[in-house]
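So the protein lines, in turn, are chains A and B.
Residues in the first sequence are numbered consecutively from 0, following numbering that gives the first Met the number 0.
Residues in the second sequence are numbered consecutively from 0, following numbering that gives the first Met the number 0.
The set of hints was computed from the structure by calculation and includes no laboratory data.
All values reported here derive from a predicted model rather than from experimental measurement.
Among these hints, one or two may not hold up.
Cross-link-like lysine to any residue pairs, in silico, SDA-like; alpha carbons within 20 angstroms at most [stated by the list, open to error]:
#1 A/Lys341 to A/Thr323
#2 A/Lys328 to B/Glu51
#3 A/Lys21 to B/Glu80
#4 A/Lys324 to B/Pro53
#5 A/Lys324 to B/Glu15
#6 A/Lys21 to B/Gln86
#7 A/Lys341 to B/Glu54
#8 A/Lys123 to B/Val21
#9 B/Lys22 to A/Asn308
#10 B/Lys50 to A/Ala326
#11 A/Lys47 to B/Asn71
#12 A/Lys324 to B/Glu9
#13 A/Lys324 to B/Lys50
#14 A/Lys328 to B/Val57
#15 A/Lys21 to B/Asp89
#16 A/Lys328 to B/Arg52
#17 A/Lys123 to B/Lys22
#18 A/Lys324 to B/Asp19
#19 A/Lys324 to B/Val21
Far from chain B, by Cβ distances over 10 angstroms, these chain A residues were calculated [what the hints assert, rightly or not]:
#20 Gly59
#21 Glu152
#22 His237
#23 Leu270
#24 Ser351
Short derived list, chain B residues pointing at chain A, Cβ under 10 angstroms [said to hold, decoys possible]:
#25 Arg52
#26 Gly65
#27 Ala73
#28 Met78
#29 Val92
#30 Ile94
#31 Ser95
#32 Thr96
#33 Gly100
Idealized CB from N, CA, C, for every residue including glycine.
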Amino acid sequence: MCQVDEEYNSPLEHKSLPAVSKKCMKCKEGTAVLIIRVGDAFCRSCFKEYFIHKFRAMLGKNRVIFPGEKVLLAVSGGPASSCMLAQVQEGLSRDAPKKLRFMPGIIYIDEGGVCGQNAEEREKAVVQLESIFRMTGFPYHIVPLEQVFTLPESVLEPVYSREQPGSSYKAAVDQHIRTEVTRGHGEPAVEETQDAVGRLSLQASTYKPEHKLALEGLFSSLKTLTAKQDMLQILRHHLILHTARINGYSKVMIGDSCTRLAIKLLTNISLGRGAALAADTAFSDSRYGDVVMVRPMRDYSSKEIGFYNRLFEVQSVFIPGLDTKTADKASIQRLTESFVVKLQADFPSTVSTVYRTSEKLHTACPPQSSTTEAAAKCLLCLCALDTKAGKLQH
Amino acid sequence: MAAPIAIHLEFGGGAELLFDGVKEHHVTLPSQSEPWDVKQLLVWIRENLLKERPELFVQGDSVRPGILVLINDADWELMGELEYQLQDQDNIVFISTLHGG
Ligand SMILES: [Zn+2]
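Please put together the full structure from these sequences, using the hints given.
The following block contains the structure:
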């Protein structure tokens, strides 16, 4: 199913202290403000340039987002997804070089119902997030997790468009250029539409009491924090996917950092999701067919993101989750995080080594080619089934 | 004898939950024979500011891995980490990058 071809010939560099140089390694003039990777010290302005450039390079290299395409940004309020939102804003700004040319929208899934928050706390978090979302001018969708019970069953069936995926990037660019020409400069029209849509954004949508109870019932039936965290992630994805479909978004951006992906990769192996590793951690994940998930933050460590947000005043909102204030051994996800982060503290190339492995993973048969075998997909995550459980029973 | 020093502490990314949800603290470290360093500051925070679950903030002599430390808006790795000698009016920031804070 998955293939790894990586030579492990670079020895892990042990962390050395104290730092030798306090000058920026890039411009050789500015005073360094942080160390990224092993021993690379950057000054404030070089760090900003490097960070912004990396986002556009990631999108440019992968060429999966078409000009004019509607892209849904999944923002949880946490540092990585808030930073992703800031990078999109930066990239769309009028004076940005290599301006991004897609139409973003935002989705926030309110998970408070399973994370022990009361209605008041949930409302407070939503208000804080809305004030950030409004300032972007992008349309946004606030979706309580309870709405997962209103989803049609069809959300779990992959939908494939007749168009051959991947072949149309150039066509989309040409189409976009033609549209811009006919519109004159194009820009004002695009921005007016965006403003109008922004004003029409869904206000904090509500949920029915019976769905609240159903959600609580579901989560209390799960006996371990590991299972709860896993279920929460799956339900989140279903809601994001459905919202993307009904609103015509063909891409979803997820703010997983490389630190998060390294943790996910090892967690998924421990959870028996080895066969789904490539789809769960790759830059783009097309398991759902018509909506493709992309991870544009996968080249940044959580440290880089933390520093960027602090130095350049990117607002994020801390919202307690299932694992807040839990011990290291509370769940497999938590334990793996603690393992990776501790190792990273002593061996700063830990995360990048795990992460590079994830880049080499491929799904042996791409999901697009297996339309006829829709039955052989997992009902929850839509990855190809790697078990023979069904057959054994008969 | 080193004179008492006033410093500004800030906790974010969920680390503030261990301090009654209070993000900013203006504190005065008492005078002592040696100058204050970050290692001693962590002991002081543990004894005077932390409200619960100290193991979620300090581990061994240092901060829990996954918590970023900034000294006057610079990476503490550039400043000598635990050995950095605190100055009056220093600004020390702790940001958790861990999932759930
Ligand atoms: Zn520089």
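Taking the hints in turn, this is what the structure says about them:
Distance hint between lysine 341 of chain A and threonine 323 of chain A is fulfilled; the C-alpha atoms sit about 18 angstroms from each other, no more than 20 angstroms. Distance check on the hinted pair: lysine 328 of chain A and glutamate 51 of chain B sit about 18 angstroms apart at the alpha-carbon level, within 20 angstroms; holds. Restraint check: the Cα-Cα separation between lysine 21 of chain A and glutamate 80 of chain B comes to about 14 angstroms, which is no more than 20 angstroms; the hinted pair holds. At most 20 angstroms may separate the alpha-carbon atoms for a hinted pair to count; lysine 324 of chain A and proline 53 of chain B meet this at roughly 11 angstroms.
Distance restraint check for lysine 324 of chain A and glutamate 15 of chain B: the Cα-Cα separation of roughly 11 angstroms lies within the 20 angstroms cut-off, and the hinted pair is therefore satisfied. For the given pair, lysine 21 of chain A sits about 19 angstroms from glutamine 86 of chain B by alpha-carbon distance, which is consistent with the 20 angstroms threshold. The straight-line distance between the Cα atoms of lysine 341 of chain A and glutamate 54 of chain B is roughly 14 angstroms, inside the 20 angstroms bound, and the hint therefore holds. Restraint check for lysine 123 of chain A and valine 21 of chain B: satisfied, since their Cα atoms lie roughly 17 angstroms apart, inside the 20 angstroms limit.
A hinted pair counts as satisfied when its Cα atoms are at most 20 angstroms apart, and lysine 22 of chain B with asparagine 308 of chain A qualifies at roughly 16 angstroms. The suggested pairing of lysine 50 of chain B with alanine 326 of chain A holds, with an alpha-carbon distance near 16 angstroms, which does not exceed 20 angstroms. For the suggested pair lysine 47 of chain A and asparagine 71 of chain B, the alpha carbons sit about 18 angstroms apart, so the restraint of at most 20 angstroms is met. A threshold of 20 angstroms between alpha carbons decides the hint, and for lysine 324 of chain A with glutamate 9 of chain B the separation of about 19 angstroms falls inside it, so the pair holds.
The suggested pairing of lysine 324 of chain A with lysine 50 of chain B holds, with an alpha-carbon distance near 12 angstroms, which does not exceed 20 angstroms. The suggested pairing of lysine 328 of chain A with valine 57 of chain B holds, with an alpha-carbon distance near 17 angstroms, which does not exceed 20 angstroms. Between lysine 21 of chain A and aspartate 89 of chain B the CA atoms are separated by roughly 19 angstroms; this keeps the pair inside 20 angstroms, and the hint holds. With a CA separation close to 14 angstroms, the supplied pair lysine 328 of chain A and arginine 52 of chain B stays within the 20 angstroms bound.
Annotation: proposed proximity of lysine 123 of chain A to lysine 22 of chain B holds, straight-line Cα distance about 17 angstroms (limit 20 angstroms). For the proposed pair lysine 324 of chain A and aspartate 19 of chain B, the alpha carbon gap of about 12 angstroms is at most 20 angstroms, so the pair holds. At most 20 angstroms may separate the alpha-carbon atoms for a hinted pair to count; lysine 324 of chain A and valine 21 of chain B meet this at roughly 16 angstroms. The claim that glycine 59 of chain A lies off the interface holds: its Cβ sits roughly 27 angstroms from the closest Cβ of chain B, which is beyond the 10 angstroms cut-off.
Against chain B, the non-interface label of glutamate 152 of chain A holds: every CB pair exceeds 10 angstroms, the least being about 31 angstroms. Against the 10 angstroms criterion, histidine 237 of chain A stays outside the reach of chain B, whose nearest CB is about 20 angstroms from its own CB. Residue-level check passed: leucine 270 of chain A sits 15 angstroms from the nearest beta carbon of chain B, beyond 10 angstroms. With a minimum CB-CB distance of about 16 angstroms to chain B, serine 351 of chain A clears the 10 angstroms threshold, and the non-interface call stands.
Annotation: arginine 52 of chain B was flagged as interfacial toward chain A, and the flag holds, the nearest CB pair being 6 angstroms apart, inside 10 angstroms. Residue-level restraint check for glycine 65 of chain B holds (minimum Cβ-Cβ distance to chain A is 4 angstroms; threshold 10 angstroms). About 5 angstroms separates the beta-carbon of alanine 73 of chain B from the nearest beta-carbon of chain A, less than 10 angstroms, and the hint is met. The criterion of a C-beta within 10 angstroms of any C-beta in chain A is met by methionine 78 of chain B, whose closest approach is roughly 8 angstroms, and the hint holds.
Below 10 angstroms, beta-carbon pairs count as interface contacts, and valine 92 of chain B has one with chain A at about 7 angstroms; its hint therefore holds. Given hint, isoleucine 94 of chain B at the interface with chain A, holds; its Cβ is 5 angstroms from that chain's nearest Cβ, closer than 10 angstroms. The interface hint given for serine 95 of chain B is met, as the beta carbon of that residue sits about 9 angstroms from the closest beta carbon of chain A, less than 10 angstroms. Interface hint at threonine 96 of chain B: satisfied, since its Cβ lies 4 angstroms from the closest Cβ of chain A, which is below the 10 angstroms cut-off.
The restraint placing glycine 100 of chain B at the interface with chain A holds, with a minimum CB-CB distance near 5 angstroms, inside the 10 angstroms limit.
Hint compliance for this structure: every hint is met.
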